[in-house]
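Participant: Each chain, written out:
Number of protein chains: 2
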Amino acid sequence: MKRAEAREQMHAQILSAARQEIAVHGGGALSMRAIAREVGLVSSAIYRYFPTREALLTAMITESYGNLAEALASSGADRKRNLARRWETLGRAFRVWSMSNPHEFQLIYGTPIPGYVAPAETIPAAEAVAVHFLATGAQGPVGAFNSTALSRQVGPIAGALDLNPSGTAAVIAEIAALVGMLTAEIAGHFVGTADPADHLFEAFLRRQTTTLGLS
Amino acid sequence: MKRAEAREQMHAQILSAARQEIAVHGGGALSMRAIAREVGLVSSAIYRYFPTREALLTAMITESYGNLAEALASSGADRKRNLARRWETLGRAFRVWSMSNPHEFQLIYGTPIPGYVAPAETIPAAEAVAVHFLATGAQGPVGAFNSTALSRQVGPIAGALDLNPSGTAAVIAEIAALVGMLTAEIAGHFVGTADPADHLFEAFLRRQTTTLGLS
DNA sequence: CGGATTGAGAGAGCACTGCTCTCTCAATCG
DNA sequence: CGATTGAGAGAGCAGTGCTCTCTCAATCCG
Numbered sequence: 001m002k003r004a005e006a007r008e009q010m011h012a013q014i015l016s017a018a019r020q021e022i023a024v025h026g027g028g029a030l031s032m033r034a035i036a037r038e039v040g041l042v043s044s045a046i047y048r049y050f051p052t053r054e055a056l057l058t059a060m061i062t063e064s065y066g067n068l069a070e071a072l073a074s075s076g077a078d079r080k081r082n083l084a085r086r087w088e089t090l091g092r093a094f095r096v097w098s099m100s101n102p103h104e105f106q107l108i109y110g111t112p113i114p115g116y117v118a119p120a121e122t123i124p125a126a127e128a129v130a131v132h133f134l135a136t137g138a139q140g141p142v143g144a145f146n147s148t149a150l151s152r153q154v155g156p157i158a159g160a161l162d163l164n165p166s167g168t169a170a171v172i173a174e175i176a177a178l179v180g181m182l183t184a185e186i187a188g189h190f191v192g193t194a195d196p197a198d199h200l201f202e203a204f205l206r207r208q209t210t211t212l213g214l215s
Numbered sequence: 001m002k003r004a005e006a007r008e009q010m011h012a013q014i015l016s017a018a019r020q021e022i023a024v025h026g027g028g029a030l031s032m033r034a035i036a037r038e039v040g041l042v043s044s045a046i047y048r049y050f051p052t053r054e055a056l057l058t059a060m061i062t063e064s065y066g067n068l069a070e071a072l073a074s075s076g077a078d079r080k081r082n083l084a085r086r087w088e089t090l091g092r093a094f095r096v097w098s099m100s101n102p103h104e105f106q107l108i109y110g111t112p113i114p115g116y117v118a119p120a121e122t123i124p125a126a127e128a129v130a131v132h133f134l135a136t137g138a139q140g141p142v143g144a145f146n147s148t149a150l151s152r153q154v155g156p157i158a159g160a161l162d163l164n165p166s167g168t169a170a171v172i173a174e175i176a177a178l179v180g181m182l183t184a185e186i187a188g189h190f191v192g193t194a195d196p197a198d199h200l201f202e203a204f205l206r207r208q209t210t211t212l213g214l215s
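Sequence lines, in order, name chains A and B.
Each residue of the first sequence is one higher than the one before, counting from 1 in the working numbering.
Each residue of the second sequence is one higher than the one before, counting from 1 in the working numbering.
To be clear, the hints were calculated from the coordinates, so they are not data collected in a lab.
All values reported here derive from a predicted model rather than from experimental measurement.
One or more hints might be untrue.
[Stated by the list, open to error] According to the in silico footprint, chain B covers these stretches of chain A (three or more CB under 8 Å from chain B):
#1 23-33
#2 147-154
#3 202-214
The beta carbon of each residue, even a glycine, is placed where N, CA and C say it ideally should be.
Sequences and hints are given; from them, build the entire structure.
Facilitator: See below:
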């Protein structure tokens, strides 16, 4: 029993050290050896806990999705009656989290690390994030996304969550758009045009609620 | 004279080899030594042409922006009278280019390579891409983006290109949204919901032309 | 209680990386 | 024709992910 506890503690300690590393140097630069040094282990010992760098990254991605989902859950959005306000609250919470944890954001939504392919086990974690937006924005139909082919594709999840198909497709696109906005801001692509991007982001949220028919 | 020619040829040869490397392994995995091997040089000789890996990446980014801008220019969009059709043509050309050159796309719009910061010299190259969308979509006002603070920020470029300020801000956001859509598709984030994403993308373009008041 | 088993950690080593340094030698310039 | 330049070679440094073998303490079981 004790053995298992110690193991779990070491596991957590490594993840924590990795998180610290990533916050400074970014995900692509994550070094197994540096983590080992930080937790006071020799490099090879790390591999007792994570068989490969990729495994460590996957664990971190899952964790980051969880952190983000939690930030959305505790934004107070779900206590709001007005759907437009609710969507805006979610959007702002997303942005605040992303700006506070840019490297975690990039870990999830950025270019995969060289050769890295997100494994299936990260999908439920990603869904935990999407669900907040779907529940808020996909209740009604959205004209531009009203196509039979598209509805058939998103049918399963729309059905499972009791949502409107065209609304569901629209929200999926709007999540991607939101991520695009934040990626651009973090990468500094707005410098010279709309940086700081606060006003642009607020206008963007207004546009989204209009598109989704929430206002 | 001959000397300078040979140097320029070697320069181009290295870039070409790097491009080939990137197409296979992605930007983060770009190896100076592998490039050297491919062009038949010893590793240290590469540094006669690019003082650092970062310099090589910058050169590649600029080149990629150029390729993308050229793909947009030769899409035939600017021959179209109908602005909505024109925007859709640009969007589709962007998507085709991105799907054909995913690693180049990620080089430009993805997570910066560990420790890499896009230097100022890539900005004009990025503008060459944006200009196509601005010229097409930013002629009229867009309600959600009509704020004085925002208009003041984008004022300079809107003025320089003789565009509507709120329309300009809207197009900037829509470019980011478009990039977000393509990033998600390339990263496989639509798998399980809307993959293949053709229909979602077409609906997305419809939504954009509506938002921008082009239809 | 005592021997067998397990597994965490150590350490050496392999093949790779970006980059620096010094050396050679052929092409160019004056 | 001699001096200068600069491309390329080669060795080397500090770092990487990962593998292998070894040790030794903690646990398990008869």
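Participant: Work down the list of hints and note, for each, if the structure agrees.
Facilitator: Tested hints:
For the stretch 23-33 of chain A, the stated coverage by chain B holds: 5 residues have a C-beta nearer than 8 Å to a C-beta of that chain, and at least 3 were required. Coverage of the stretch 147-154 of chain A by chain B holds [criterion: at least 3 residues with CB-CB distance below 8 Å; count 5]. For the stretch 202-214 of chain A, the stated coverage by chain B holds: 7 residues have a C-beta nearer than 8 Å to a C-beta of that chain, and at least 3 were required.
Hint violations for this structure: none, all hints satisfied.
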